[in-house]
Amino acid sequence: MGTTRKNSIIILGLVFVSLIVTLSKFKMSTDLALFLPEPVTKFERLLHYQLDKSASSNMIFLSFSGLPPKKLAEFNRQMARQLRTSKTFSRVSNNVGNLSDSGLEFLEKYRYLLTQNDLSRQFSAEGLKESLQNRLEGLASSSAPIEKRYLRKDPTGEIITLLDEWRGKISNHRRPLEIEGVWFSDDKIRTLILVEIAADISKMINQEIAVKEIRSLYAKIKLPGLVPIMTGPAIYAVESGEDIQQDVKWLTLIAVLLVTLFLLAAYRSIRIVFLIISPLFAGVIVATASILLLFGQIHGIALAFGITLAGVAVDYPIHLLTSLQGDKSKDSGSVSKIWGTLKLGVLSTVIAYAAFLVSGFGGLQQLGLFTIVGLITAALFSRWVLPMLAKNQPKESFGLSGLHQVLKCWGQHAPRLRWVVVAAFITSTGLLVSSQMPILHLNVDSLSPIKEKRLAEGKLLRGDLGFWYGGSMMIVTDKDKEAVLQYSERIQSYLDDLVNERVIEGYDMASHLIPSKQRQAVRKSKILDIDVLRSNLESALIDLPFRNNIFDPFIKDVKTAKEMQPVAPSNLKDTAIGAKLNPLLFEFDGEAAGVILLHGINDDAKLKSFADQNEGLYYMHLKTASTNLVARSVDRVGLSMIGCIFVIYLSLAIAFKSLMRPFKIMVPTLTAAIVAAAILVLTGNPLSIFHLISLLLVVGLGLDYALFFNRLPGNKSEWDTTFKALWVCAITTILVFGILIFSQTPPLEAIGKTVGLGAFISIIFAAMWAATPDKTVDS
Amino acid sequence: MIYLWYDLNNMITKRHPLKSFWAILLVLAFAMASSNSMATEDAWTVRQLMQQLSKVSYARLNFVETRQSIFLSSDMVIEGNMEYRAPDYMVKNTLSPTTEKVVVDGDSMIVQKLRESGKKGATLQTKRYSIQSHPVLQAAVGGIRSVLAGNYELLSKNYVIMMDGLYQDWTLELVPKSAEILEHVKKITLSGKEAQIRQYFTLQTDGDESVMKLSYEVLNKEN
Chain P
1 MGTTRKNSII ILGLVFVSLI VTLSKFKMST DLALFLPEPV TKFERLLHYQ LDKSASSNMI
61 FLSFSGLPPK KLAEFNRQMA RQLRTSKTFS RVSNNVGNLS DSGLEFLEKY RYLLTQNDLS
121 RQFSAEGLKE SLQNRLEGLA SSSAPIEKRY LRKDPTGEII TLLDEWRGKI SNHRRPLEIE
181 GVWFSDDKIR TLILVEIAAD ISKMINQEIA VKEIRSLYAK IKLPGLVPIM TGPAIYAVES
241 GEDIQQDVKW LTLIAVLLVT LFLLAAYRSI RIVFLIISPL FAGVIVATAS ILLLFGQIHG
301 IALAFGITLA GVAVDYPIHL LTSLQGDKSK DSGSVSKIWG TLKLGVLSTV IAYAAFLVSG
361 FGGLQQLGLF TIVGLITAAL FSRWVLPMLA KNQPKESFGL SGLHQVLKCW GQHAPRLRWV
421 VVAAFITSTG LLVSSQMPIL HLNVDSLSPI KEKRLAEGKL LRGDLGFWYG GSMMIVTDKD
481 KEAVLQYSER IQSYLDDLVN ERVIEGYDMA SHLIPSKQRQ AVRKSKILDI DVLRSNLESA
541 LIDLPFRNNI FDPFIKDVKT AKEMQPVAPS NLKDTAIGAK LNPLLFEFDG EAAGVILLHG
601 INDDAKLKSF ADQNEGLYYM HLKTASTNLV ARSVDRVGLS MIGCIFVIYL SLAIAFKSLM
661 RPFKIMVPTL TAAIVAAAIL VLTGNPLSIF HLISLLLVVG LGLDYALFFN RLPGNKSEWD
721 TTFKALWVCA ITTILVFGIL IFSQTPPLEA IGKTVGLGAF ISIIFAAMWA ATPDKTVDS
Chain L
1 MIYLWYDLNN MITKRHPLKS FWAILLVLAF AMASSNSMAT EDAWTVRQLM QQLSKVSYAR
61 LNFVETRQSI FLSSDMVIEG NMEYRAPDYM VKNTLSPTTE KVVVDGDSMI VQKLRESGKK
121 GATLQTKRYS IQSHPVLQAA VGGIRSVLAG NYELLSKNYV IMMDGLYQDW TLELVPKSAE
181 ILEHVKKITL SGKEAQIRQY FTLQTDGDES VMKLSYEVLN KEN
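If you read the protein sequences in the order shown, they are chains P and L. If you read the first sequence in our numbering, its first letter stands for residue 1, the second for the next number, and so on. If you read the second sequence in our numbering, its first letter stands for residue 1, the second for the next number, and so on.
Next up, chain P with everything else stripped away, as it sits in the complex:
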């Protein structure tokens, strides 16, 4: 009794400390990245970094449709005006606007280093004459105001050429349509606004504030027929976060309620139900506290998943109480007897959950750890604390005796159906192997909690404005930014050829925005001596009607350009051009990386062979890259599954000191997992990484049942109580995982579906496979 007392005090103390930790440190996160596989190879990490960094991650896309263009344009302007008054948004754009003064100044200042035109030709007498004639024509055209603005300092028209390159471009290949001064989709159905969140978006709260503000603006709209949409990374994050929170709130509540009601119906005693549930609460508290201490915060999905503990953790007190019930003398002998079987059950389940720890998903690691800590705590609590609490337990009166009779009858006859397990194993394996349906789901979307509708909207609005929306890209890496720029320049003409051949519709790259220092030096060297330039200009002006000396500012600017230091990417910091450059050219892993975003891919194979022909150039299909990532995680999970099953087998072999017995015990559970997999695949649910991990869970849980069925006592009344405990356990498990099916979060839904189904099959098969009890029971 001494050890019992000591152990129970330790456990109660642990629970108490955990409760304090939980209450004082509780912080929930809903960051989705935790449930996406972590990038491993250099390019995957680069891809992640780029997507993270890219200028569009702080953008929210708004669109309005459903009314005639004129009305929409009016509404757009009004909405933009309202948004601009808010400090939440750093920028609100609804048209291309004009290049900011600082941007214009930059183009003006560096025009002779930035221009793509050949300056030795531009500054020759013939070149100048031609340019001046063009200026004269320009003065006679509709562009006269712009011509006049730059005529004196830039007669060769470099600024206008650069401006043409710059103005109105979100990406290099398209300018969005404007009606009445605001952006519209090409079909004139939607008008668009682009807002950028001012605060640091790596903090979820800032995204929430921004989304809330737009929502409240939307709520005030009183235009019948107007259809507002908002989309963008912040919306995805906030909406899925809300879904997860809803899941945590409702699913937990419903699960606890259902299990309590079921147990009440079964045991008709609040006290017994309390006894059964108390280890579960102890487990949840200690598990939450350990996650909080280890990770700083607990993920909403981990918490929601934690409720499934209820399905497993109530098993231990049920078995223990049942055995206590059966044992009139109330000494601990029967408790330690059943504890031996329980220990093995806990061990196999914990090993199964250990697969989560090596899954490579931060989120799943939290799930695994949460469950392992929770289960061990619940088991220890049941073993050491529960018997003390249960001392003066009233005589049990079982409520669901009708159901029990039915199930008992079935349970007694089930072992005759042993062959069904073998048949099920053979058929489902055969079906899985021969199935035409895809078995594995390698699409990263299967892991993503973002609603498909939102993604489609995002793609649509990005397309309207000409934003890159995640098709394909090419990557160049080299020792520094200058080297990357030089490389980009070398392949630029080939890329242009690809555009002309319609292999791609367009592309964005850093060297569109800034030339390499090398190229700038070449340009500078082509600038003529000032005296030569002056005489060239004089001869060019003969017979042209320009007034004398109006081009002095031109001569002066050329003189300055000759002395200028080349522009470096760092000069562009804090300008609009710099903001566009950042996601295209950046330092990575002590190297520099250049990204070429490809728009409108028509010929994948040609792009691939183009990249193969150019050393140092890598072609990446975003979808393929993410599929590879997922496929590798699946491989890893597959391996760890096999490893786990083997470890479970080994521990059983050691426990039973037999090689054959654990194998026999594992047959029904492994079969149940395979049958569950076959059902999922054949009903059109290819197995994602979450399904796979859940199948392993099925094995872990199923072993629990199998172990108990395996040791069903020969004595009739003992058989009766053990069997009763078993089916009550099974129903709570199925109930709790079944509730997860209603989750809005794909990972939880997948786990619920698989485990609910698997547990159900498991217990049936375990009963069929049980050591033939009929003789003993019937006698």
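Each hint should be verified, as a subset may be incorrect.
[What the hints assert, rightly or not] Simulated crosslink set (BS3-like; lysine-lysine; CA at most 25 Å straight-line):
id : chain 1 : residue 1 : chain 2 : residue 2
1  : P       : K573      : P       : K203
2  : P       : K148      : L       : K92
3  : P       : K664      : P       : K716
4  : P       : K70       : L       : K177
5  : L       : K55       : L       : K186
6  : P       : K71       : P       : K188
7  : P       : K87       : P       : K220
8  : L       : K157      : P       : K71
9  : P       : K249      : P       : K451
10 : P       : K580      : P       : K203
11 : P       : K70       : L       : K213
12 : L       : K221      : P       : K148
13 : P       : K203      : P       : K27
14 : P       : K524      : P       : K129
15 : P       : K70       : P       : K188
16 : L       : K55       : L       : K157
17 : P       : K148      : L       : K127
18 : P       : K479      : P       : K580
19 : P       : K716      : P       : K337
20 : P       : K524      : P       : K559
21 : P       : K188      : L       : K127
22 : P       : K148      : L       : K177
23 : P       : K153      : P       : K556
24 : L       : K186      : P       : K148
25 : L       : K101      : P       : K148
26 : L       : K187      : L       : K221
27 : P       : K623      : P       : K459
28 : P       : K517      : P       : K580
29 : P       : K479      : P       : K517
30 : P       : K220      : P       : K71
31 : P       : K220      : P       : K70
32 : P       : K148      : L       : K213
33 : P       : K526      : P       : K129
34 : L       : K127      : P       : K70
35 : P       : K148      : P       : K664
36 : L       : K186      : P       : K580
For the record, the hints were derived by calculation from the structure and aren't laboratory data.
Given chain P, put chain L in place with the hints provided.
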């Protein structure tokens, strides 16, 4: 009373003393009758002109424009033709010294130019703008478009209007109200006969001037 001052000021500089005399008499008579109703009476004449202009459903005309620039030692002469279709469609074809086609349709302005591009020969370059987004474009087309359409509301919203002359021989002076447009255009003066605009004069803020003489080839009125 500001209208009166404008009108007087304007009339004194006019060359036809007889017309001015009648006009002054008329103005004085109105002023004597009621100085408050002056503005409305004056606007009514502009309105009447506008109403006539608004009946034009289609017009095709040739233009000869003389531009005077501070950068050039001699005047530039630009020739071409224009087309107008009610209420807000306009095409301006420049034929010499450069070729260019500008289509103004509602809010959009499309500029097409033939560009010599070396080996490949000439290519047609098309650019599309939203007039609302660019004050420069509003300055260039806003005035003439409202006059062609006879849209009094729009015209008076964007310009201070001064009217002189009779229906047979009228002059309309427009001074932009918006500071953004005033950055480009200081004053526009149109003159014409009945529902035809004969001359379009622009004084730009930088001092450049342009006089566009218009001759109608086709003029269709509704009904």
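Hint compliance check: list the failing hint numbers for this structure, sorted ascending. Of the numbered hints, 5, 11, 12, 26, 35 and 36 do not hold.
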